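Chemist: Sequence:
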Amino acid sequence: MSASRYCYMGGFDATSNVAAGSLFGIPVKGTHSHAFVSSFMSPDEIVEKSLRSADGLTTCDDFVSLVQSWLSKIQRTRLSIGGFGETNLSELAAFTSYALAFPDDFLALVDTYDVLRSGIPNFCAVALALRDLGYKATGIRLDSGDLAYLSCEARRFFQAIEKDFGVPGFGKTSITASNDLNEETLDHLNKQGHEIDAFGIGTYLVTCYSQPALGCVFKLVEINNQPRMKLSEDVSKVSIPCKKRCYRLYGKEGYALVDLMIGENEPAPKVGERILCRHPFNESKRAYVVPQRVEELLKCFWRGSTGKYREELLPLKDVRARCMKQLEQMRPDHMRRLNPTPYKVSVSAKLYDFIHFLWLNEAPVGELQ
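In the working numbering, the protein residues as written are 24 to 392.
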């Protein structure tokens with residue numbers, strides 16, 4: 024449940040978790056299972072065969088026969104990409120039954136038996152039958168095999184249907200891919216070239232295989248209005264003292280340049296005003312920044328006292344929209360997968376001076392004899 028919520032916040036479009044969709048208002052998307060397809064033996068098992076048209080004005084009394092007639096047309100027609108033999112009729116029955124139940128959202132899993140010889144032709148027959156009644160099929164899902172190759176072949180088949188049967192837009196039918204996808208797989212697919220429109224990702228998303236645990240520690244920075252600091256021989260573990268405010272400074276191209284931490288009582292940075300930004304520990308790393316836009320990053324929703332007002336959190340869709348906007352405002356070199364440029368987090372000159380003043384005060388002075 025929490026994985027679905029946070030993945031949606033991070034930019035995913037939908038979840039297959041129905042409970043999460045109901046509880047958090049996340050769009051629910053998904054397909055049937057392989058077991059659903061293999062549970063059918065023949066079209067004769069379908070009892071309720073009628074389907075009302077999308078406009079509700081007419082009813083097709085035998086949708087099963089309409090699907091079979093379309094499959095026959097496809098088999099008889101020498102498609103521009105070549106023909107194919109007999110398809111698996113139990114798979115056709117499963118697709119037909121699913122379309123009868125969900126005519127507005129027909130997304131078929133086509134790799135139970137054979138993607139190119141059976142799954143895609145069967146899907147096309149059902150999709151064309153739905154089109155006769157005013158519905159538009161959503162697309163297919165590939166869950167095994169060479170996803171790049173199969174997606175390209177599926178696209179060619181859809182384009183051939185559009186051309187040979189005069190069905191506008193059929194060549195752009197959506198293709199979804201799944202099957203234990205991760206960042207490396209997606210990178211390889213992009214390099215190979217593919218026709219995939221959407222990805223279904225779960226296993227490697229909920230459990231981060233490359234970093235199963237995230238090290239995170241809270242450090243005390245102030246108590247009773249007294250700044251505190253944790254020292255270490257490892258500079259990366261030295262904490263930055265006192266209560267702070269944080270701002271994101273943007274350049275004239277609209278990209279974020281740096282995040283700047285300042286003391287709570289320091290004046291906020293202003294647009295068009297030159298600001299010295301310093302690395303908190305490396306004195307040689309510093310730069311003047313003239314921001315074209317300034318955004319305060321930290322907002323307190325609850326100050327810890329039950330008697331004080333607590334602001335309501337934003338709706339999930341607004342949190343997601345903000346997250347997506349923040350990502351769009353990062354430079355491409357910060358976002359690339361291989362050797363990304365580290366994003367800079369700096370401190371003001373005044374905070375820098377205070378850090379090193381307190382550091383010297385807290386660090387014991389050694390004595391040599």
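Keep in mind that a hint or two might mislead.
Here are the in silico distance ranges between beta carbons for each label pair [said to hold, decoys possible]:
hint, residue 1, residue 2, range
1, L243, D127, 53 to 61 Å
2, L243, D203, 36 to 44 Å
3, S88, D203, 36 to 44 Å
4, C323, N247, 17 to 25 Å
5, A77, V51, 18 to 26 Å
6, P355, Y136, 36 to 44 Å
7, A344, V258, 36 to 44 Å
8, K214, L243, 44 to 52 Å
9, G168, F324, 20 to 28 Å
10, G168, V258, 45 to 53 Å
Below, computed lysine-lysine pairings styled on DSSO-like, alpha-carbon distance capped at 27 Å [what the hints assert, rightly or not]:
hint, residue 1, residue 2
11, K195, K52
12, K72, K159
13, K52, K340
14, K214, K260
15, K293, K260
16, K195, K96
17, K253, K308
18, K275, K253
19, K340, K293
Since the hints were made in silico from the structure, they are not lab data.
This one's a predicted model, so the numbers in the text were calculated from it and none came from an experiment.
For every residue, glycine included, the Cβ atom is placed at its ideal position computed from N, Cα and C.
Chemist: With reference to the structure, classify each hint as holding or not holding.
Modeler: Verification of the supplied hints:
1. The hinted window of 53 to 61 Å between L243 and D127 holds, with their beta carbons roughly 56 Å apart.
2. For the hinted restraint 36 to 44 Å between L243 and D203, the CB-CB distance of approximately 42 Å keeps it satisfied.
3. The given range of 36 to 44 Å is respected by S88 and D203, whose C-beta atoms sit roughly 39 Å from each other.
4. In this structure the hint that C323 and N247 lie 17 to 25 Å apart at CB holds, the actual value being about 19 Å.
5. In this structure the hint that A77 and V51 lie 18 to 26 Å apart at CB holds, the actual value being about 21 Å.
6. With their beta carbons about 42 Å apart, P355 and Y136 fall inside the hinted range of 36 to 44 Å.
7. Against the hinted window of 36 to 44 Å, the Cβ-Cβ separation of A344 and V258 comes to about 37 Å, which satisfies the hint.
8. The hint said 44 to 52 Å for the Cβ distance between K214 and L243, and at roughly 47 Å that hint holds.
9. Hint check: G168 to F324, Cβ distance near 48 Å, so the stated range 20 to 28 Å is violated.
10. Distance hint check for G168 and V258: the Cβ-Cβ separation is about 50 Å, which falls inside the suggested range of 45 to 53 Å.
11. Our distance criterion of 27 Å between C-alpha atoms is met by K195 and K52, whose separation comes to about 19 Å.
12. For the hint linking K72 to K159, the alpha-carbon distance of about 19 Å falls within 27 Å, and the restraint holds.
13. Taken as a hint, the K52 and K340 pair is honoured in the structure, with Cα atoms around 16 Å apart against an allowance of 27 Å.
14. Straight-line distance between C-alpha atoms of K214 and K260 comes to about 39 Å, which puts the hinted pair past the 27 Å bound.
15. Proposed proximity of K293 and K260 is contradicted: the alpha carbons are some 31 Å apart, above 27 Å.
16. For a cut-off of 27 Å, the pair hint linking K195 to K96 stands: about 21 Å separates their Cα positions.
17. This hinted pair checks out: K253 and K308 have alpha carbons roughly 22 Å apart, not beyond 27 Å.
18. Taken as a hint, the K275 and K253 pair is broken in the structure, with Cα atoms around 37 Å apart against an allowance of 27 Å.
19. Between K340 and K293, the direct Cα distance comes to roughly 30 Å. Violation of the 27 Å bound is thereby established for this hinted pair.
The structure fails hints 9, 14, 15, 18, 19 (numbered hints given earlier, in ascending order).
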